[in-house]
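**Student:** Residues per chain, in single letters:
There are 4 protein chains.
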Amino acid sequence: MKISILGASGYVGGELLRLLLDHPHVSVEQVTSERLAGKRVTTAHPNLRGRTTLCFSRLADLTPCDLLFAALPHGSFAETFNEVQSVAPRIIDMSADFRLRSANAYETWYGREHTDPPALGKFVYGLPELHRTEITNASYVTGTGCLATAAILGLLPLFREGVVSQHEVFIEAKVGSSAAGNKESASSHHPERSGAVRSFQPTGHRHTGEIVQELSLNGSPTVHLSATAIEMVRGILITAHLRLTEDLDTKAVWNLYRTTYRDEPFVRIVKDRHGVFRYPEPKILVGSNYCDVGFERDAHSDRLVVLAALDNLMKGAAGNGVQAMNIMAGWDERAGLSFSGLHPI
Amino acid sequence: MKISILGASGYVGGELLRLLLDHPHVSVEQVTSERLAGKRVTTAHPNLRGRTTLCFSRLADLTPCDLLFAALPHGSFAETFNEVQSVAPRIIDMSADFRLRSANAYETWYGREHTDPPALGKFVYGLPELHRTEITNASYVTGTGCLATAAILGLLPLFREGVVSQHEVFIEAKVGSSAAGNKESASSHHPERSGAVRSFQPTGHRHTGEIVQELSLNGSPTVHLSATAIEMVRGILITAHLRLTEDLDTKAVWNLYRTTYRDEPFVRIVKDRHGVFRYPEPKILVGSNYCDVGFERDAHSDRLVVLAALDNLMKGAAGNGVQAMNIMAGWDERAGLSFSGLHPI
Amino acid sequence: MKISILGASGYVGGELLRLLLDHPHVSVEQVTSERLAGKRVTTAHPNLRGRTTLCFSRLADLTPCDLLFAALPHGSFAETFNEVQSVAPRIIDMSADFRLRSANAYETWYGREHTDPPALGKFVYGLPELHRTEITNASYVTGTGCLATAAILGLLPLFREGVVSQHEVFIEAKVGSSAAGNKESASSHHPERSGAVRSFQPTGHRHTGEIVQELSLNGSPTVHLSATAIEMVRGILITAHLRLTEDLDTKAVWNLYRTTYRDEPFVRIVKDRHGVFRYPEPKILVGSNYCDVGFERDAHSDRLVVLAALDNLMKGAAGNGVQAMNIMAGWDERAGLSFSGLHPI
Amino acid sequence: MKISILGASGYVGGELLRLLLDHPHVSVEQVTSERLAGKRVTTAHPNLRGRTTLCFSRLADLTPCDLLFAALPHGSFAETFNEVQSVAPRIIDMSADFRLRSANAYETWYGREHTDPPALGKFVYGLPELHRTEITNASYVTGTGCLATAAILGLLPLFREGVVSQHEVFIEAKVGSSAAGNKESASSHHPERSGAVRSFQPTGHRHTGEIVQELSLNGSPTVHLSATAIEMVRGILITAHLRLTEDLDTKAVWNLYRTTYRDEPFVRIVKDRHGVFRYPEPKILVGSNYCDVGFERDAHSDRLVVLAALDNLMKGAAGNGVQAMNIMAGWDERAGLSFSGLHPI
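Chains as they are written, first to last, in my numbering: chain E, 1 to 345; chain A, 1 to 345; chain W, 1 to 345; chain Z, 1 to 345.
Just so you know, the hints here were simulated from the structure itself, not pulled from any lab data.
What you are looking at is a predicted structure, and each value in this text was computed from that prediction instead of being measured.
One should not assume that every hint holds.
All copies of an identical chain are treated as equivalent in the list; a pair is satisfied when it fits inside any one copy or across any two copies.
Unchecked claim - Distance condition first, Cα-Cα at most 20 Å in a straight line; then the derived SDA-like pairs of lysine to any residue:
| # | residue 1 | residue 2 |
| --- | --- | --- |
| 1 | 2 | 137 |
| 2 | 271 | 201 |
| 3 | 2 | 139 |
| 4 | 271 | 49 |
| 5 | 2 | 264 |
| 6 | 271 | 52 |
Bound-form chain E, shown alone (with noise of 0.2 Å):
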């Protein structure tokens, strides 16, 4: 199958050119960027060095191919998408524009209005873990935000059974430098940058809005989101706080989140007595595509507090698109996804 990249020079683009050119069934067509167009892929991604002699395409200079991937700046791809459609049949975007199925959320959490509100029912949310038929006969997915896929996929088991409390989650999500992409700031500077603990969305993050169309399933949720930037690259931990709706013990809990997952390749429930690593961390995550779930029950109260982790730009971005293309494809959707995470790290 031959796939190019719309947006290859990014962080995610780069990691989905990484998967794609490891990848066991596809081939990389082309990869493009205006700014280095005519460059080699490796100027942009260092790590690449030796394995490919790919250069930098232009958007215009596009040939067509199976699928494309597009990792465009959130905005771009909306004003792109009529332009590539005769490119290739399927596309997978990894950018916000076409997440949300309502126009009117659009214009909730990125205070603008969506330039192509018809385009927004062509896509489906990419989410494997809820939306795998779908999936499969899609022609156009959508990728999943960070945060937002971590929120999702802890919560899940609780708001499909129906057990939170008034629909409601208070969560603090944290956050690694390159979930902001690769674009240097004032805030990104490494003197400023490291060791920062920045509470740079404490309400009104866009995420919000995905999350509430995904987990509702009975009744609209009520979603608080707070995130914070800390030290780490790449990474996402949620704490998610909810209380019960019912008594429910740890393991009936553990029920719930095994029922949920039990056949998901890329999502573990972790939840040990023992060790350093007893819940979820994105330290041992780097790199890899799982979702690590987990949970605890509050001995004082009925609060349960969810912990999901994952890596930004894999199970949060090129990770789950990869997963996505391999079922649009009928392939296992572990292909090129093999790599379990370091540790230690």
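Let chain E serve as the given structure and place chains A, W and Z on it in line with the hints.
**Tutor:** Structure of chains A, W and Z alone, referenced to chain E:
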């Protein structure tokens, strides 16, 4: 004024020593460590090279002084208290042993009976912002938990005013590694701890008891606390979520904070519209005695997000202890605590 | 091919296990740990959750296999060697016990007599770039020191060609914390180790012996090695300074490197004029088996500065061991070692 | 004494401001920034919140003062020098513009002609340990390069005594990110810079010129300098290798250091047999004005390894500048510089 420090080989003891050596009104007489008795204090505290020739003494060799700081491990001081009362008329205990006024609460949060319940009533909870007058007249003062201090100072204006819906708050604390003390363990081993985002106490954190006690100003609060260890040596940031009982706008909330902290020398309200450091961040508080507090109103709901940052060894321990000492002695509260913190760091 | 790992609870053992579980041509039979016997390997290696149900065995329970990896602590394997020869016809030992061919050199650098001098001659120094043919035919192969591997590969083209003035080189090695193993200590305690720039071995580093042995290609070299622990978990960068015997320009030096490494699958020459990653950097090699080498000619003198980077647990240990195994078995050297490393990380 | 700071929005300017605000003998009159003119200094230096209400002025609005600190970018001050001489009778320039006494040396290391060669002779190289008397009487003093300061102080006792074989030394400097200033760039972007071990200047580092100049005490030294950026915001460690002309043992070398630095308030000799911090480490010097120096004799050769650590913004810049000011004013050299550094950090 002659000061001695009981248990001076740990991190809190070391910070007390550092602060007291440079304090304009005191002299450090003795510092104890059973393990390092006879050795120079610079063995444990290399930053003090060239600043002092003090050596560690044994507890048994303590001579009378004007004020005794105790920085023994939690649980040890309660057993030593009777023994050391003859050493000094005034004692400031940095351990957790006498912070709670109720033996029941102690048992709830520490999982064992208190060994000396009658003595609980003899200590003042040493947070100047809440108990300045009592500290002035106290013989025995306790330190305050590092997380608890951040949470209490962050939430005080709201609980004092009674504007927290159902007195309920969800607190997520991000914590540096020094908060766990200076004893190595499997989980503090650098390859395991570096880059960690570790839910070491999703529920059941002991400081919950202190927060409940000190915020019981308009009824008993429900405090949901989770604590996450992150890549940082010194520092705490708490992110607290609550719903407001009435529709207070940003200015109204600001006024509550301003009213409470206008004259406090070590609490700053941090809430900027622009810039990199718009909200409280522990990074620029390292070594300082400030607790920076801030908040953000959620435009999509009635939620208020509260942020509070401090250096766990300073305002969260030794610095706050020295502030309490200054109050007890009638000195300027800021004596010996003038370091502003660094930027960049 | 059936493989077992002796001493699999440590960091090198864990990496061997991770690599072998995903290796296309082998099956892992047994992995030993006396301390963790009977427990799942994921107790020690949490990144392998969901990848294996293996449990640790005892050494005494080892059954015959085709090849045995030994990852015991330095000093232990030499005492176990006789015992385990019956387990497998081929052994790759990751410890330092049999790296030096001379018992005298061992005593010089390890400060004690070797316990089994005759066995020293039975092992091949397992660096493929120097000893590929011998490895092919060997029964017993030793791993290589992580610092030594970086230094040798960085300097090999120059010592082979004999262009190093007085055969003398000054090497400064920057090392991550995982190189010291998985046992906690006062100096590995996170608050002490985090952010450290620690001259843990300014002189007398044991790997000096290996470097001298392997670079004795045109006379005996004088190797001045210092090692500094820096903030990093995995990774080594060596910076080596030497004077050239003749006025070789950049292109001439490049040609020496090119000649030596043209066909090496795991050595890349990195020397760019522009970009962020112009020279070898361990950061983007985490998890990969590459050793990146580079150099810069000093325009103000006859000095050449040589740089070499690798992941100490991969090309500096387990990865190199698997590469050696591939050679011994006649497989593609790259089997099981295809991970390219990540960017960003 | 009235002080103004020219170019106070950068990291060095910010540190000068912080130190001078707490200095017992001075008042800060004006601080300039063209870019931030009219804005509060806390915009650029958030650690100073609550400490000052100063706003930035323009250079054109500078009024006369007693002493002017200049912290302009390299190259800018030389062009401003004539203009600002009327502002203050004494100037301390933190830039590199007037550190070298020779216009030829400037051209060699800076790659361009000096714009005001005659003025080079008007400045004293502001290192108290070498030029205390000249500083006392100087009108114009220059700051010192951060790497150069560490290298010079580490090596001074040896070059003064003339015991360095062939006057030749190989210096490897490990440097934190703040040394590159407060302007963001592709290489300072956190995901790229975090965890880096980056050979940003393997040869040709500008500070070489200063080191050569100041160590020309017994002939002209040959200084081979390489610089590596590591994961650290503040701090420098230099590791220098040299061969001794005679067989000095540890005690003899110690005596050379002791003789040179016995009475220096900001140089400590650090060389312990036990403990975690046996040698100089920048980690515990953050915020302090110390330069810690140490060494180790190589038991296998005639090599001596010299280590020197400092905080690049303190003893490597602003702190050293304030020390020079104290000398010029006849105050205690330690005034305003009493902060000891923190442990842990």
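**Student:** It remains to establish, for every hint, whether it holds in the given structure.
**Tutor:** Evaluation of the provided hints:
1. 2 to 137: Answer is within; shortest intra-copy Cα gap is 18 Å, inter-copy 42 Å.
2. 271 to 201: between (29 Å within a copy, 13 Å between copies)
3. 2 to 139: Within one copy, since 15 Å is at most 20 Å while 45 Å is not.
4. 271 to 49: Between copies, since 11 Å is at most 20 Å while 39 Å is not.
5. 2 to 264: neither (27 Å within a copy, 30 Å between copies)
6. 271 to 52: between (40 Å within a copy, 17 Å between copies)
Going down the numbered hints, you'll see the structure goes against just number 5.
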